[in-house]
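*Asks:* Construct the complete structure from the given sequences, taking the supplied hints into account.
Numbered per the working numbering, the sequence shown finishes at 653, counting up by one with no gaps.
Treat the hints as calculated values from the structure; they're not laboratory data.
Note that the structure is predicted; figures quoted are calculated from it, not measured.
Cβ coordinates follow ideal geometry from the N, Cα and C atoms, glycine included.
Treat the hints with care, as some may be off.
Claimed, not checked - The calculated label-pair distances, taken between Cβ atoms and stated as ranges, are:
id, residue 1, residue 2, range
1, 33, 446, 50 to 60 Å
2, 485, 406, 40 to 50 Å
3, 480, 598, 18 to 28 Å
4, 614, 228, 57 to 67 Å
5, 480, 511, 42 to 52 Å
Claimed, not checked - Lysine to aspartate or glutamate pairs mimicking EDC-like chemistry, simulated, CA-CA at most 20 Å apart:
id, residue 1, residue 2
6, 53, 32
7, 53, 405
8, 53, 308
9, 53, 82
10, 568, 647
11, 568, 545
12, 453, 545
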Amino acid sequence: MRAHILRRLLISIPLVFLMTFVVFAVINLNPEASIQRYIMQPNVSFQFIEQEKERLGLYDPLPQRYLRWLGGVLGDIRFGRETRSLISFADEGALRTTFALRGAWTPPFEPAPLEAPGAVLDLAEAFDDGAGLRRAAPHLAALSGRATNRGETPARLRLRVELAGGAPGNAPEDSTAEGWTVDLEAAPGDEVAFALRPPDFTQRGHSMTDLAGLTLELVEGGPVEVSPLAVATDYEVVRPRRGRPFVALPFLGEGHAYTFGRLGSPYTRLLLPRSDWAPLGKVVAIEDVRGEPTEIVETRAFRALRLDIGNPFDRPLAAELRIASGPPEAPTVTTVPFTAPPGRRQMRDFRLDDLARRGVDLEAVHELGVAAAEPGVLYLARTLLVVDEPAVRVGGVPNFGVSYENNIPVLRRLGGRVRNTILLVIASMLLTWAVALPFGVIAAIRQYSTLDKTLSFVSFIGMALPGFFLAVLARYVASLAADPDSILSFLPALPTSGRVSVDHETLGWFGRRLDILRHAILPILVLGMGGMAGMQRIMRGTMLEAMRQPYITTARAKGLGERVVIYKHALRNAITPFVAGFGSILPRLIGGSALIEIVFNYPGVGQLMLPAVLNRDINLVMGNTLIAALLLVLGNLVADILLAVVDPRVSYD
Numbered sequence: 001m002r003a004h005i006l007r008r009l010l011i012s013i014p015l016v017f018l019m020t021f022v023v024f025a026v027i028n029l030n031p032e033a034s035i036q037r038y039i040m041q042p043n044v045s046f047q048f049i050e051q052e053k054e055r056l057g058l059y060d061p062l063p064q065r066y067l068r069w070l071g072g073v074l075g076d077i078r079f080g081r082e083t084r085s086l087i088s089f090a091d092e093g094a095l096r097t098t099f100a101l102r103g104a105w106t107p108p109f110e111p112a113p114l115e116a117p118g119a120v121l122d123l124a125e126a127f128d129d130g131a132g133l134r135r136a137a138p139h140l141a142a143l144s145g146r147a148t149n150r151g152e153t154p155a156r157l158r159l160r161v162e163l164a165g166g167a168p169g170n171a172p173e174d175s176t177a178e179g180w181t182v183d184l185e186a187a188p189g190d191e192v193a194f195a196l197r198p199p200d201f202t203q204r205g206h207s208m209t210d211l212a213g214l215t216l217e218l219v220e221g222g223p224v225e226v227s228p229l230a231v232a233t234d235y236e237v238v239r240p241r242r243g244r245p246f247v248a249l250p251f252l253g254e255g256h257a258y259t260f261g262r263l264g265s266p267y268t269r270l271l272l273p274r275s276d277w278a279p280l281g282k283v284v285a286i287e288d289v290r291g292e293p294t295e296i297v298e299t300r301a302f303r304a305l306r307l308d309i310g311n312p313f314d315r316p317l318a319a320e321l322r323i324a325s326g327p328p329e330a331p332t333v334t335t336v337p338f339t340a341p342p343g344r345r346q347m348r349d350f351r352l353d354d355l356a357r358r359g360v361d362l363e364a365v366h367e368l369g370v371a372a373a374e375p376g377v378l379y380l381a382r383t384l385l386v387v388d389e390p391a392v393r394v395g396g397v398p399n400f401g402v403s404y405e406n407n408i409p410v411l412r413r414l415g416g417r418v419r420n421t422i423l424l425v426i427a428s429m430l431l432t433w434a435v436a437l438p439f440g441v442i443a444a445i446r447q448y449s450t451l452d453k454t455l456s457f458v459s460f461i462g463m464a465l466p467g468f469f470l471a472v473l474a475r476y477v478a479s480l481a482a483d484p485d486s487i488l489s490f491l492p493a494l495p496t497s498g499r500v501s502v503d504h505e506t507l508g509w510f511g512r513r514l515d516i517l518r519h520a521i522l523p524i525l526v527l528g529m530g531g532m533a534g535m536q537r538i539m540r541g542t543m544l545e546a547m548r549q550p551y552i553t554t555a556r557a558k559g560l561g562e563r564v565v566i567y568k569h570a571l572r573n574a575i576t577p578f579v580a581g582f583g584s585i586l587p588r589l590i591g592g593s594a595l596i597e598i599v600f601n602y603p604g605v606g607q608l609m610l611p612a613v614l615n616r617d618i619n620l621v622m623g624n625t626l627i628a629a630l631l632l633v634l635g636n637l638v639a640d641i642l643l644a645v646v647d648p649r650v651s652y653d
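*Replies:* Okay, here's the thing in structure tokens:
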């Protein structure tokens, strides 16, 4: 028997994993459905939505998410430190409005002053002696400069923009140049500014990618001093077919920087904005959803700031992390150099204690940024805070995760519900067996009698009527029984909703148990009637088959009493299929109890699972699936043991 039980367990455990994986894959066909309730609310920022995506691992491959869930179930086995998202790149519009992401660069050149009329300054020389302007043009978002009149007479300047001919954005190298000019005037001692932006090009049927040359000529007056150019560059959001979106940050030269402003805290909750990286145990004053002041205590400590970066080229890229912190009116900028290795993705951690030693005020971080020491491109996929915990955790209490709906642990939500449902199912099973077993035997003994035909008629009706219809009918009958003027008023008045009465806590020990029983009577009756009809027909058929066997004839020929023949010989063999089906009854009844619980508003697992499935509450659904799978294994194991007890011919040795 022990060897058989061990074999059954070794076979069943992989089946349980397969069952849970299939369910996990089905409910993850549309993984974003689990956060749809946030997406549909206009007052929820995209940053919070992206933080939820990161927290739920929606950008990770399906097998990785399943293994993470399974690791928690098997005893809180975790590999890697938990993280909290700071910046996400899924919403390009929010990158501009929320984070104000844009690169700024001042080309490292000192233009000579324009001394006399006719003098020309080639501004393209700022971009690698002019050869780099065409390479930089696709990344330009704006280009501006200033010129100051140092003479005693008005000065007139002419800015000449040269464009590559051909279609916008697809100009050949040897095409004929075209462009336009802009005249600028400056009084003695005054400063005049000039700028080029995308609308200046689009209204002429071109784009900034067609910029081929830029010169500034002194037409009259002077001398004029030209200040260094200010260049604003744009980024590109890359959305791969699989995985997280990331941004490609082009760097045109040394000192070129990109900044992220107005950071949201990784602790962000719905309508609870935060801005600091508060340490463990800190009490933080915030405003709740009604705008009233309240306080929360930090329950997480962080270990490091992590950049998920990549370098698409075949040479390393020297860069630096920039953090602005301290007083908002006069923040301090701290820089930390790092190198992005060529051709691969890397998780680069910056320990918070090291940042604090460098002068970063971790409780007043306003802005993050990255800058390059040379031309290149940096891929930035995520900016995270890493939780201070062991990198590998094995053992502990099984962790089924938290419900997405209200962040309550799954085991806590399922605990009382599973208990209520199992008690309901066990009671209905006992009722089913207590009625179906004797009625099936009686129908077989009195085959084709009026009693047999009546039981068959009732069984067919019970098998044909859906369980939810019987539940609604039972509630209707119970409501008539509670009406003194009804013809059914002689029936006992039973509760039709809930598990306990309003005054349950005021009752004594016996009164509370009786109150729970009265509320469970109708669900038990309806749930039991659903299986009663089918089980009665099975028992009748197997009993008839057993009574036609030769050993029954032999027993009667030996003079044994009819009661002994039926209940000792025939019934013991006829009950074998009845017992064998026990393995599938328990999980089937738990699944079938869902509609019954909903109709009677009974706080069981079924009533909890319907909204969980509709809201794609993955952890809650998976917890229920695992419990149902384990009950299936347990039911089949108990059925094997009962078969060996009731049928001496069955042996597992």
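*Asks:* Look at each hint and say if it fits the structure.
*Replies:* Do the hints match the structure? See the list:
Taken as a hint, the range 50 to 60 Å holds for the pair residue 33 and residue 446, whose Cβ atoms sit roughly 56 Å apart. Against the hinted window of 40 to 50 Å, the Cβ-Cβ separation of residue 485 and residue 406 comes to about 44 Å, which satisfies the hint. One distance hint, 18 to 28 Å for the beta-carbon pair residue 480 and residue 598, holds here, with the actual separation near 22 Å. The hint said 57 to 67 Å for the Cβ distance between residue 614 and residue 228, and at roughly 60 Å that hint holds.
One distance hint, 42 to 52 Å for the beta-carbon pair residue 480 and residue 511, is violated here, with the actual separation near 26 Å. Only pairs whose Cα atoms come within 20 Å are accepted, and residue 53 paired with residue 32 is accepted, the gap being roughly 8 Å. Restraint check: the Cα-Cα separation between residue 53 and residue 405 comes to about 14 Å, which is no more than 20 Å; the hinted pair holds. At most 20 Å may separate the alpha-carbon atoms for a hinted pair to count; residue 53 and residue 308 meet this at roughly 16 Å.
With a CA separation close to 14 Å, the supplied pair residue 53 and residue 82 stays within the 20 Å bound. Straight-line distance between C-alpha atoms of residue 568 and residue 647 comes to about 11 Å, which keeps the hinted pair within the 20 Å bound. Distance hint between residue 568 and residue 545 is fulfilled; the C-alpha atoms sit about 15 Å from each other, no more than 20 Å. Distance hint between residue 453 and residue 545 is fulfilled; the C-alpha atoms sit about 18 Å from each other, no more than 20 Å.
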